[in-house]
Amino acid sequence: MIAASFLASFGPFAGIIDSTSKADQATACDPFLLPGFLAQLPSGLATYRTYDSSCNVQGYLPALLAALKSSPYHTTALPPSQLVTKEAIQNKVSNKTVVMIGDETDHFLLQHFCTLVGQSVVAVDRYHPWGEALLKVPKEHAIKLTDHSSYISTDPGQKALAHYCHVPDFDFLLVSTYHLGGDIGDIFQGLPAWTAPGLFEHRMEDLYIPLLNSMAQSHPSSPNLPPPRSHPWPDTVILSSSFWDLARFATEDSTMMRSLVEDLSEHRLFSWRSRYVDMLTGIQSAWKEAKVGWRSIHAPPDAEQTTLEWWTGAQTDDTKTTTDHPLFHMNRIMALNLARKSVLYPTGDDIVKGRRNRSARLTKGSVVDMDWGTLMIGQDHHQVDRLHPGLSPGGSLFVEMLLQQML
1 MIAASFLASF GPFAGIIDST SKADQATACD PFLLPGFLAQ LPSGLATYRT YDSSCNVQGY
61 LPALLAALKS SPYHTTALPP SQLVTKEAIQ NKVSNKTVVM IGDETDHFLL QHFCTLVGQS
121 VVAVDRYHPW GEALLKVPKE HAIKLTDHSS YISTDPGQKA LAHYCHVPDF DFLLVSTYHL
181 GGDIGDIFQG LPAWTAPGLF EHRMEDLYIP LLNSMAQSHP SSPNLPPPRS HPWPDTVILS
241 SSFWDLARFA TEDSTMMRSL VEDLSEHRLF SWRSRYVDML TGIQSAWKEA KVGWRSIHAP
301 PDAEQTTLEW WTGAQTDDTK TTTDHPLFHM NRIMALNLAR KSVLYPTGDD IVKGRRNRSA
361 RLTKGSVVDM DWGTLMIGQD HHQVDRLHPG LSPGGSLFVE MLLQQML
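Residue numbers (my numbering): 1 to 407.
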């Protein structure tokens, strides 16, 4: 059994559960908002458990894997008597499309999901039937870049428009696509990891919306594609607080010769909150029928190895120099995660307005708190590299949260 550390800030949110009647708790409770701990399923995969037996994680993950003969965990799931029914799983995932808008962390979570269900990740590049949007980015959104080939790549990672994993048994589609944080000035333009357009709103308009439109269309010349989606919007969208925001702060501090490990200023935190209100309300406006969640950032332990230059592609392991700068420090990740909480659970006179759109407001309760990052505290020994989470607990808990909270 693996103990999980929880922040004192969780306390106020327990009231969300306590205030509901016993009759409503089965449907109203969210176990991932309650204190708990990590345990292991018979398969060895990590699962989350609360101390409150009336509000615990339901067995959707092992039931999903037990229902899929393609899954390497098909025969190591819980006994049938302890599983939710296959019908319950079908109701959860059948014909659903989930879009993650994040960074490389989300790409790794997608890979882990594919491993769990026994499928393969597919890249949506400019040659893919769904990748046509890459060739149509307006030049004014690419700013100084006039030759689209200069930023289009078929390499895995953020140069592809998206990656996806399809589960044919349920026609469930999980998609990972990428953004560059709340940056509004294309501060990373020209670096290897930068892709146009840089502004989130332009990415919605030029990439994400056309991608979903293409997914809903028939492509007779590509019979191996998943079936056309039933509508041109996702059922669920998960936005993550990107490491690109931390990279922007580090870049600004490095340029101004300031400390890269000092606490984030009040101005930065207030601006960051407002910018994510822009982004979240933009998603809600574009895809009104979608359920929207906001995933927290995890805290890798090795800030010395996880450098700003490595993240942006400015340097590789072969060209590492003593001038490398830390991408993050724990206090900055903590500050952004707590700022995220303040947006999701506003109190008193705290009203968060959008930054670019000052009339933008989040309706309380309209965005799901997907606090995956907190559950990853202390789990660095299960990472696959200096930054990214491993299959368990990182991947298994993410899928568990996806099934429990977002579908």
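The set of hints was computed from the structure by calculation and includes no laboratory data.
A quick note: this is a predicted structure, and the numbers were derived from the prediction, not measured.
Worth double-checking, as some hints may not be accurate.
[To be verified] Calculated pairs, DSS-like style, for lysine-lysine (alpha carbon to alpha carbon, straight line, at most 30 angstroms):
hint, residue 1, residue 2
1, 364, 291
2, 136, 288
3, 288, 353
Hint-by-hint comparison with the structure:
Distance restraint check for residue 364 and residue 291: the Cα-Cα separation of roughly 14 angstroms lies within the 30 angstroms cut-off, and the hinted pair is therefore satisfied. A distance of roughly 25 angstroms separates the Cα atoms of residue 136 and residue 288; the hinted pair therefore holds under the 30 angstroms criterion. For the hint pairing residue 288 with residue 353, the CA-to-CA distance comes to about 20 angstroms; that is within 30 angstroms, so the pair holds.
In summary, this structure violates none of the numbered hints.
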